[in-house]
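S.K.: Chains as they are written, first to last, in the numbering used here: chain A, 254 to 513; chain B, 3 to 929.
Hints are computed from structural coordinates only; laboratory data are not their basis.
For glycine and all other residues, C-beta sits at the position ideal for the given N, C-alpha and C.
Don't take every hint at face value.
To be verified - Calculated lysine to aspartate or glutamate pairs in the EDC-like style (CA-CA distance at most 20 Å, straight line):
id	chain 1	residue 1	chain 2	residue 2
1	A	Lys466	A	Glu436
2	B	Lys565	B	Glu696
3	A	Lys466	B	Glu56
4	A	Lys466	B	Glu52
5	B	Lys419	B	Glu505
6	B	Lys419	B	Glu507
7	B	Lys156	A	Asp380
8	A	Lys466	B	Asp51
9	B	Lys156	A	Glu385
10	B	Lys435	B	Glu516
11	B	Lys897	B	Glu861
12	B	Lys419	B	Glu922
13	B	Lys766	B	Asp746
14	B	Lys750	B	Glu764
15	B	Lys750	B	Asp711
16	B	Lys156	B	Glu78
17	B	Lys156	B	Glu125
18	B	Lys750	B	Asp723
19	A	Lys466	B	Glu64
20	B	Lys468	B	Glu507
21	A	Lys466	B	Glu48
To be verified - The following residues of chain B were derived to be distant from chain A, with all beta-carbon distances above 12 Å:
id	residue
22	Gly212
23	Thr312
24	Glu396
25	Gln397
26	His689
27	Thr821
28	Ala912
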Amino acid sequence: MNSPVVTESGGEGRIFATTRWSLILTSTDLEDDDQKARQALSELCRLYWRPIFSFVCRRGHSTQDAQDLTQDFFVMILEGKWLERADPNRGRFRSLLLKSLGNFLNDAAIKRQARKRGGEVQFVAWDEWMAEAPSQLTVSRQALESWPAEHLFDLRWAATVVEQALRRLREECESQGRLRAFEVLRACLGAEREDVSYPELAQTLGVTDTTVKRLVHRLRQRYRSLLRDEITDTVADPAEVDDEIRHLCGILATNNNETP
Amino acid sequence: MKGFSPGLSDSIASGIANPPQCRDCGSSSRVGGGLCVRCLLQAGLEPDDECAPELLMSAFAEITLADKNWRLGNYEILGEIGRGGMGVIYRARQRHSRRIVAVKRVLGYHADSHETLARFRREAQAAASLDHPNILPIYEVSESEEGLPFFSMKFAPGGSLQEASSALRDEPRQCVALVAKVARAVHHAHGQGILHRDLKPGNILLDGRGEPLVSDFGLAKWLDTTSDLTRTLTIFGTPGYIAPEQSTGLAEQLSPAADVYSLGAILFDLVAGRPPFLGSHALSVIRQASESPAPKLRSLSRLADRDLETICARCLEREPSARYASARDLAEDLERWLEGRPIVARPVSPAVRAWRWSVRNPKLAVSFAACILLGTVALLRHNQNRELAARVREQALAHHSVGVLPFLDLDAVGPDKAATTSLGGGLVAMLEKMGPARVLLLQGIPATYAGGGSPADLREAGQHAKTRTILTGTTRKTPSGKRIAIRLMDASTGDALFSQSFEEESILRGNSDELVSVAGSIYSLLNAQELKSVSETARDPGLVNEQTRDLIVAGRDLSFRYKVDDYDRAIICFEKAIALEPASPIAHAYLSAALSSRCHFENSPGYLERAEREAEEALRLRPNLPEAHRALAGINQGRNRRLALEEHFQSIEYGGLEYRGASAIGGVFQNLGRPDLALRWFDLARHWEVRRGETDSRIGDCWADLGDDTRAEQAYLRAADLHPEMPYGWLGICRLRLLNRQFDEARKVWAKHCEPLGSFGEVKQMQAQIEFFARNFGPAAELYSHLSKVDPSGGAQFYSGISYESALDRLNWKAEGDTLPASLSERIARRRGSVQTAPDEPDILYQLAVDESLAGQTEPALGHLRSAMNAGWLEYQATLLDPRFDKIANDSHFKEILNTVRDRISSMRAAVLSQNHEQEIADNSER
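Make the full structure from the sequences, and use the hints.
M.R.: Shown next as structure tokens:
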């Protein structure tokens, strides 16, 4: 297998870019490759810890135990030869992770007695991760209490993807000194179409209606790019992005009082 | 599985009961800002083209709504976390480490003096030094570019207990575990001598794991926006959680028990769902808390058991000594409860409860002593941890601490030892009867500290004595006896807290009514949590309003420069400030001072009247305002010196000494022919010189007046060295040569040292004077004509009082028998009129004598000369040389008058020198 060319993940030149996940999948044992792969993996873990943690909690563990287990899971993934034990079919990061997590917890149940709780040894910096990327997901209490763990995992995954895209968009705007404009226009991104009042926005921003419409259009386009970037990073093949999105949308369609 | 516990789990998702459904897709999952997750995902499927960042940015380019880079010190502000009575808390990123932190700002109201900022820093740093796993770490205490202080601390992602409280309602064990941890943290801080004083759910933050982190130890006052603190009701803390004794405004003996109360209230709130006392407004809550017993926990929560109820009840006892003695005791009992072991606290029987309450009957509390005594004894008796009690008592003593500086005798310009001892001693005894108080008579400090000195002196004295306030005052003789003024100041800012004067000596007696009343006022001032709240200066509306404060500070700065334009600008600043805050006494007083100072540059009659009106207005708004008295002194400096002196003294009595006042008084005494006293005042002034060397030339003048040329020359040389850009040192030396008839020397000195500074008018005047006294009339006439063209009525303010008019009159004599110029006769008439209204002003008398001499009116001239000399005109050497007196110089009385003055000066000089000698001996022996 040829080592793929590595460039900055996402962004332009998609043709040449390697998604993080594909980078991980295709890494060889060469030191350089391996290191980059680990780097990519740890970045992915850092982004997606919440779905993992929620799964573990939903499986009935106390918060304290869930922390320990999540941490152990990360250790296993990042330091061990996780991929070699994984499903040869590869597939998407999300589904692979979920499967591994399930297996891990089953194993852990057996091994828990023997494991020593080290206490202070923490490489998972929860507070920092939470500070860097705060999340404000609200769902119906019923869903939270009644959905199975896998379902919650996917729900949380979907929210993470979306929040991450928004965050990157925000950072792009901030780096150009346009944070305030972003905050004003943010609501246009996902809100019900009818709610967007272009005249009001135009007034707040001090521009014409036409300009605002154009801006909102561009903003949505840019958001779309970033969203697809995020998802691409977790699939092996860019062609799978649409499918992944549809899967996650499917999860979210069933809500409120229904149990899937 | 039951509902999630607060903390990490909450970061997964928050579940809400009936969330609204998205109108487009029906999903009810949302992220920040109410955006629908599903719609946001679906947007990824839309057939829109994608977009590179540049395209977006170019679209943005059309908007001008750019961000300002919001920075505070080393932190980039990312957004607000919260806002409320506590000020604003931001989420920020530390520039170098890129770490996310929380940043809290001190509100602008407090940040108006270096001393306040320094104190904030000290207190924040004390809080920052607390190192405990359940205390929110403070990382850095710093100031923004504008000088606004702030501090950064760990960002607690779990929010505060306030938000999490609903999730905890059904988990009493978790609540107890949490409060136990908080109690241990609070106890740790108590061990460092820091009370929190404002514990409440909003101050207990949660980290990602749901661990509690207590924040804002002892800093409540800096972050509280309730700035309207009256003297009687200084409430800190949030009603509902603060201990009743903290809010009654009486002599607080605040102890760790106050924090224990708050902990109990928090536990109560978490378990029962509401704080122990509720009310529509703060006062009603507080009143209930001090009058009624707390409700029983079990009446509000079915999940609490009897033991938990007992623990809460013990925390919420109104009598501090009945509560847990320390936060650690509370933590231990809570831990016992969690472990299922028996707790230590016992429910109190109704009889005992009643007895306890009667002991704390509010009516008793009117007598400070009784209340404190009971509190102290009870606390000590119940307090197992004596060290803790000692530390807290130490805090109380420090809170009520007064350092007494020697009183200043304004007549002798030195410390008044007798008054200091009797008054200081009397106050010590009185204050210590009223409660814990530490009053120290400061010994062994330089005489210049007497009467208060500069704010820097006060700070130093306060630090040296470790007292919060400084007490001092002045004494002087008046026609009716002795006048004594007392002042109490905040040691760290120099602000006056209390000032009062007494016309009789009764205040000096140990048990007099006046002494008791003064001690009482002082003690109640010391009770204030924050001295700022009782400082008159701090409450001047002109200083409270930030905008006018800036104007006033700017105006004040401009008022001490050298150009007329600066004074005009200063006047504009003050006028603007008054337009915004017409009730600001200080703005009016400063405006008055600026107006009258401007008159020294250009004679602008309207200004003096206006200055007077402004000063009167300032006094109307605040009687005894020292700055107003100082302004009045300045106004009268030229026309009624004795009144100027009186106003100066009053300004000192009410506001203490400072450089310009002391220096101005020196000037007045110089004019009144008392260089001996002037020297003492200049010596004091020199102690606080803003720029070294300002006073030396004037000291030189005093020695010259006293006839000690050596010392005069030393002083002039010092002035010249330290201020080469000013001519006054060399002018003084010129004059010394001149008066010794060393005309060529004088010319040399002038040419070498004075001429280069020719832009000063005095330099040209000296040149003319040299030629005049050397009887080089041709050049003299030319010089005086030139001077006269620039300023026809000038010249009289300089050495020897040679007005250009009178010089020219002398120089234009053609021969005997000339008729007098009309202008001369007119001047004489005018001056006679002035003398009628101000019979004691030496310079007016002298000028009249000059003019009469020019007119050949020998008798009147001699008479007025004698009066002038008696009133204080001392320049007899100059008079001998002065050609204007030629017509009367041969009269024997002329020489007699001058000899009398010479003798008087001799004895004055001898007295000064021997007194200096004695003083040196005394100083040496005291060291």
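S.K.: Hints numbered earlier in the text: which of these fail when held up against the supplied structure?
M.R.: Those not satisfied are hints 20, 22.
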